[in-house]
Structures are given as C-alpha cells and as structure tokens.
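Listed below, chain by chain, are the residues.
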Amino acid sequence: MLEATQPATITETTTALRELTYVQAVREALRLAMQADERVFLLGEDVGVYGGAFGVSDGLLAEFGPERVRDTPISEAGITGTAIGAAMTGMRPVVEIQFMDFITLSMEQLVLQGAKMRFMFGGKVRVPMVLRTPAGSGTGAAAQHSESLEAWFVHVPGLKVVMPSTPYDVKGLLLAAIEDDNPVIFIEHKLLYRTKGPVPEGYYTIPLSQSEVKRSGTDLTVVATSVMVSRALEAAELLAAEGIEIEVIDPRTLKPYDAAPITRSVIKTGKALVVHEAPMTGGFGGEVVAQLVAGEAFDYLDAPVRRLAGLDVPIPYNRDLERLAVPHTEDIVREARALVRGAY
Amino acid sequence: MLYTALEKMYLIRAFEEQAEALYALGKIHGTMHLSIGQEASAVGACLALRPDDYILSTHRGHAHCIAKGADPKLMMAEFLGKAVGYCRGRGGSMHIADVEGGNLGANGIVAGGLPLSTGVGLSLQMQRSVRVCLAFFGDGAANEGAFHEALNLAAIWNLPVVYVCENNQYAMSMPVAKAFPIAQISQRASAYNMPGVTIDGNDLVAVYEATRAAVERAASGLGPSLIEALTYRWRGHSKSDRQLYRSRDEVKEWQQRDPILRLRASLVQAELFSETALDQVKEQTYRGIEAALRFAEAAEGPDPASIMDDVYA
Chain A
1 MLEATQPATI
11 TETTTALREL
21 TYVQAVREAL
31 RLAMQADERV
41 FLLGEDVGVY
51 GGAFGVSDGL
61 LAEFGPERVR
71 DTPISEAGIT
81 GTAIGAAMTG
91 MRPVVEIQFM
101 DFITLSMEQL
111 VLQGAKMRFM
121 FGGKVRVPMV
131 LRTPAGSGTG
141 AAAQHSESLE
151 AWFVHVPGLK
161 VVMPSTPYDV
171 KGLLLAAIED
181 DNPVIFIEHK
191 LLYRTKGPVP
201 EGYYTIPLSQ
211 SEVKRSGTDL
221 TVVATSVMVS
231 RALEAAELLA
241 AEGIEIEVID
251 PRTLKPYDAA
261 PITRSVIKTG
271 KALVVHEAPM
281 TGGFGGEVVA
291 QLVAGEAFDY
301 LDAPVRRLAG
311 LDVPIPYNRD
321 LERLAVPHTE
331 DIVREARALV
341 RGAY
Chain B
1001 MLYTALEKMY
1011 LIRAFEEQAE
1021 ALYALGKIHG
1031 TMHLSIGQEA
1041 SAVGACLALR
1051 PDDYILSTHR
1061 GHAHCIAKGA
1071 DPKLMMAEFL
1081 GKAVGYCRGR
1091 GGSMHIADVE
1101 GGNLGANGIV
1111 AGGLPLSTGV
1121 GLSLQMQRSV
1131 RVCLAFFGDG
1141 AANEGAFHEA
1151 LNLAAIWNLP
1161 VVYVCENNQY
1171 AMSMPVAKAF
1181 PIAQISQRAS
1191 AYNMPGVTID
1201 GNDLVAVYEA
1211 TRAAVERAAS
1221 GLGPSLIEAL
1231 TYRWRGHSKS
1241 DRQLYRSRDE
1251 VKEWQQRDPI
1261 LRLRASLVQA
1271 ELFSETALDQ
1281 VKEQTYRGIE
1291 AALRFAEAAE
1301 GPDPASIMDD
1311 VYA
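Line by line, the protein sequences are chains A and B.
For reference, each letter of the first sequence is one residue, going 1 to 344 in our numbering.
For reference, each letter of the second sequence is one residue, going 1001 to 1313 in our numbering.
Hints listed in this document are in silico derivations from the structure and should not be mistaken for laboratory results.
Among these hints, one or two may not hold up.
Claimed, not checked - For each label pair, taking beta carbons as the anchor points, the in silico distance ranges come out as:
{"#": "1", "chain 1": "A", "residue 1": "E330", "chain 2": "B", "residue 2": "K1178", "range": "30 to 40 Å"}
{"#": "2", "chain 1": "A", "residue 1": "Y50", "chain 2": "B", "residue 2": "V1311", "range": "33 to 43 Å"}
{"#": "3", "chain 1": "A", "residue 1": "L112", "chain 2": "B", "residue 2": "D1241", "range": "19 to 29 Å"}
{"#": "4", "chain 1": "A", "residue 1": "E296", "chain 2": "B", "residue 2": "E1020", "range": "51 to 61 Å"}
Claimed, not checked - Derived DSSO-like pairs: lysine-lysine, alpha-carbon spacing no greater than 30 Å straight-line:
{"#": "5", "chain 1": "A", "residue 1": "K124", "chain 2": "B", "residue 2": "K1252"}
{"#": "6", "chain 1": "B", "residue 1": "K1073", "chain 2": "B", "residue 2": "K1239"}
{"#": "7", "chain 1": "B", "residue 1": "K1073", "chain 2": "A", "residue 2": "K124"}
What the hints assert, rightly or not - Reference excerpt, derived from the structure (chain A facing chain B, CB under 7 Å, subset only):
{"#": "8", "residue": "A53"}
{"#": "9", "residue": "I84"}
{"#": "10", "residue": "M91"}
{"#": "11", "residue": "Q113"}
Here the structure is a predicted model, which means the values were calculated and not measured.
The beta-carbon is built from N, C-alpha and C at its ideal position, and this holds for glycine as well.
Extracted from the complex, chain A is given alone in its bound form (with noise of 0.2 Å):
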C-alpha cells in the first residue's frame, strides 16, 4: 500500500506571493499534491507528453514519469470508471476530461458507479478522486466544446462540485479537493487560465464549501461564479464610478453549497443578482434564489431577487452570437444599475 508523505508539507505555510497565471496555479497544485503523496496520480487524454490540451500538466511527465501521469486513449467512460476503481482500492487519482462536454461520454461512471458507491454499500468504500475539466466559452470552438454543465452534478447526491475563479483559489481548492474522500468535479474555465493573481508558494488548502465575499458593498448582493466573478468584479468597479457598491460573493463550491454569506450579505443589501454563464432555465442560480427567498434573507429584500444567465441556447459559432448567448461585464452593469435604482 502506497503511503503519503505529509503531513509536514501540508500544514507549512509559505507567505511568499507570486503573481502566476491559472493555468499556472493549476499545475502547482498536481505538483505538489504528487509530491506530498504517492498515492496521487493524474490520468486523461493528452494529460503526458503533450501536457494537456491547456497546457495544464506541462513538465508533470518529466517530473513524475509516465505510470503518474498517465496518458490515456480516448475512452472517457473508461478512464473514469477506471479512475474510480483505483480510489475505491487506495489510491487518489485525477482525472483530466479534455472539455466538459466529453462528460457525457462519463456519465454512466461518474453519476452511477462514483457518486453512489459509497452510499450503497452502506459507507464500506470511499471514492477519493477529482475529476477536473475546463469549462465555458468564448473560445469559438462552438456547442460541443463550450458547454457549462455544472448544474447537472451539483443535483447528484454524492457528488461534490468546485469551480474556482481565481489563481489564488484553484490552488488552494485543487489541493482541498485531492485531500478530499470523495469524488469531486473540478470545473475550471478555459478563458481564466492565462488570467493572473497572487498565488503563496507552497502547500495550502482552501477547504471546500465555503464561500467567498470577493468585493464588498452596500447596495446590491452579486453572486457569481467562475468568469463571472471578474466581470461582476470589472462591472462593481464601473459602478462605483457611479457612486453603487455592489457586494460580489463567489460561492466556489457550488454542492455542498455554503449559502451563510450570501444570506448575511442579503440581509445586509436588501437586493440579489445571481450570475453565471450556463443556460438560465435549471441552472445553478435558481438554486441560489431559491435558498435565499426560503430564508431569513426574505424579509429584507426590498426588491425581487434576478438571474442573470446564458440563453437556453447552444454556444453558436459566430463571435457576435457567441458573445451574445452568456453574460458580459455590461450586461451586469445594466442589470445591478437597474436593480438599484428600481428600475427592474
């Protein structure tokens, strides 16, 4: 049985910050996490010598050779159930799917073997493995390379769901997730990976489901996540030009969801605006309402809480209408103004 080596890399802490980009963090993260503990090993299409379709695992290969980073033939059922099996017999694998739409081809394992063994041998196995996978548009590669898909696993129990936002975040959650007993779906975004941010040196975790008050304001409570935490950031900062502070909450998990600040938030703003870039209709933000009109938050709202989301549409091809099927930092603009002003 393969052993980690921690825990005395874990509980360091190193203060040194580094301005690195997402992608960057990412691969930091594998670093050390294969560093720390054998047992922690990535497999996926393309993951070795061609460092991943982002560039993710770039010099992992050369660092921890082929049987730790191991690359695959294009079987995304295959490797994810085979990932699975290895988390149920003591190792800790991490899966790449090349893009989220691929997991479809997963489905079967991830959402019927992996997120319910645990359960229905009555809590004998446990499932310890993260499946990460990029995310989103923008990139023009149209509707089958573009998918926001999160919506469907935060609705399977068993599941665990984390979509980070920042460099400093997908470090520290990414190690949080790997040190996690079961199995968790890390969706990053394809157009945050050359974004960049301070990032400490050296192990630290984020621990998962907790969220996050990005900026803080008094007129108007703005969930959002993934690439829409930066353009609610980008929109609050043209919105104070204006003399309007919006509150940005990240939630960063979105199963299990930790609700507490958003509602404290609410509490203190009055006003909600959910933001993210998958399809409006079943998407995620419902979720958020739904939590914060059943709570206290509901007598303080002094205006109907809004979802701004992507069209139930596709992610079309052409630039206009790929830009115009999700969310843009003006679009957040128009709808925090309107809500502050009353003007929904």
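Since chain A is already given, all that's left is putting chain B on it; use the hints.
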C-alpha cells in the same frame, strides 16, 4: 477443494430458492435476478482466487458473493433491507457488496463494473501487489462500449485483471445469436491481444482450471485474459419475465446439465464421496440458509434518522 465447491454451490442454490420463495410470499421489496443453474461459473472462478483478491459482480450477483466467501446471514439481511446487512439496507439484492471479503459489489448497470475492474487492476499494479481483480459480466455486457474501453485499457497497460463473461445465452430476451456477429464472445479477446477461451461454464473443474491459468498469468505481470463460460439461467431475467423468447424444451434441456448434479456425479464416480455424504452436504447448506433467514427476519431495519449517512465520506 471440490467438496468445498459443492458446498458453496448448494449454498447458492439454497439461498436463491429461499429468495424466490420469499418473493412469492410478498416479503421482498423490489426485484431480484437469480442465477440458478449458473453456480459453477461463480464458484469455479472464485475458487481460483486468494481471499484478498478482488471481484466485481453483476446484477445477477448472489452466486458471486457467496462464492467469494460472504456470510449468507449478512446477505440475507441485506436482501431483506436490514441494518445489519452488508450495505446497511441501502443496497439490496442488486448492490450487495462484501468489501472486506474483496467483493466490490453487485452492479445494477450492465457492464458498469468493467471500467471499475480495470481501475482496481491499475491500483494493484501501481501498488506492486501480487493480487488480481476478477470481473464477472454477462453476454449482454459484451455489447456495451464500456466493455471495449475497459478491456483495451487493461490490455495496453498489462493489468492484472481476469474478465469472466458468464454467457447465459440471453441479454434479458435478446439471444446471443442475434446480438453477436461472431460465434464466440471470447473471439473479442483477439482485438485486445489477450488470451480468450470459451469453456463449458457448467463444468466446475473446467471453469476453475481456465480461471487458475488466467489468474497466474495476471499475477505474474503478463496482463489480462478473457474467459467465456457458457451457461444458462433456469429462471427468467427478473421477476417480471414471462419468458416468451425461449421454449420450455430448451430450459429442460439445459436443466439436464445441472452444474451441481454434474459435480456430484463426478465426486461419486471418482469414489471420493458417497451419495449419502453429499446428501448431507445439501441438507446442511439448506439448513444454514434457513438459519440465515431466521437471523435476517429477526434483525432490525435501519434507523430512519440514519437516511443521510454515507452520502459523503
């Protein structure tokens, strides 16, 4: 060893006859899939394993579970949905797992266990273990995409997995002759460059010998094998099956090849045991299942307050 094998086969037959009787009495919530007539493939294959080897089972999994060494009392308790059952009443007939005993579970999805078994094989290989994983599946599973992906991955990585196809002639109502363009499912092994054999799945010794060879191969790092065990389920697919797709004569013909009677006959013929001694084995196992039933019926159901337990670790 053959004596133990006969004992296990009787235990399986007795368990399933009891299960069927309970169902007829309306005591069972849900359905079940019986493998009466297929006992030799389960027992012969598991006889070739060590206690700490793994198996993955199927929806027709009672036989695999008993063959791998499970306690019929805890199986019966699970079948009746009791808290003391193998899965604390969460799994039932279709998901009985005996994780400590190396059975990683019956599976409600046809071919669902095959990618998992490849993962178990990878896990064992990466841990430099000499243990192996044996995956049971049916003829129907061999036409799922997961079968091909799982066998291909195991073959390219040389994993210690033994794939045992229990070809019981029908995927629910679909006969193998209509579902496959090939005469033998084991021919598919050649596509993955692994050994493939078709054997008489109702011949316990034949199943044991083929599995033994495949297990030795896997354990010595030579990679996976595919075994097709030809057998027949005497009962319908599940309790709703009116069996419109096959004739009574066909069922009767296969019942002449009862794997239990065949093993008995060979034991008597070889003058290893007397008929009386073997009758006693049968009687003991049936009594054991009656005791298991009493145990299970007396056991308590799960605490309603525990319903959310174990969704997450």
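Hints, verified against the model:
At roughly 60 Å, the beta carbons of E330 of chain A and K1178 of chain B sit outside the given window of 30 to 40 Å. The hinted range of 33 to 43 Å is satisfied by Y50 of chain A and V1311 of chain B, whose Cβ atoms lie roughly 37 Å apart. Range check, L112 of chain A to D1241 of chain B: Cβ separation about 23 Å, and the 19 to 29 Å hint holds. Take E296 of chain A and E1020 of chain B: their Cβ atoms lie about 55 Å apart, and the range 51 to 61 Å holds.
In summary, the hint linking K124 of chain A to K1252 of chain B is not supported, as the alpha carbons are separated by about 41 Å, beyond the 30 Å threshold. A hinted pair counts as satisfied when its Cα atoms are at most 30 Å apart, and K1073 of chain B with K1239 of chain B qualifies at roughly 23 Å. For the hint pairing K1073 of chain B with K124 of chain A, the CA-to-CA distance comes to about 18 Å; that is within 30 Å, so the pair holds. Checking A53 of chain A against chain B: minimum C-beta separation of about 19 Å lies over 7 Å; hint violated.
At its closest, the beta carbon of I84 of chain A sits 6 Å from a beta carbon of chain B; the interface hint therefore holds under the 7 Å criterion. Taking 7 Å as the C-beta contact cut-off toward chain B, the hint placing M91 of chain A at the interface holds, the least distance being around 5 Å. With a cut of 7 Å, the hint placing Q113 of chain A at the interface with chain B holds, because the nearest CB-to-CB distance is about 6 Å.
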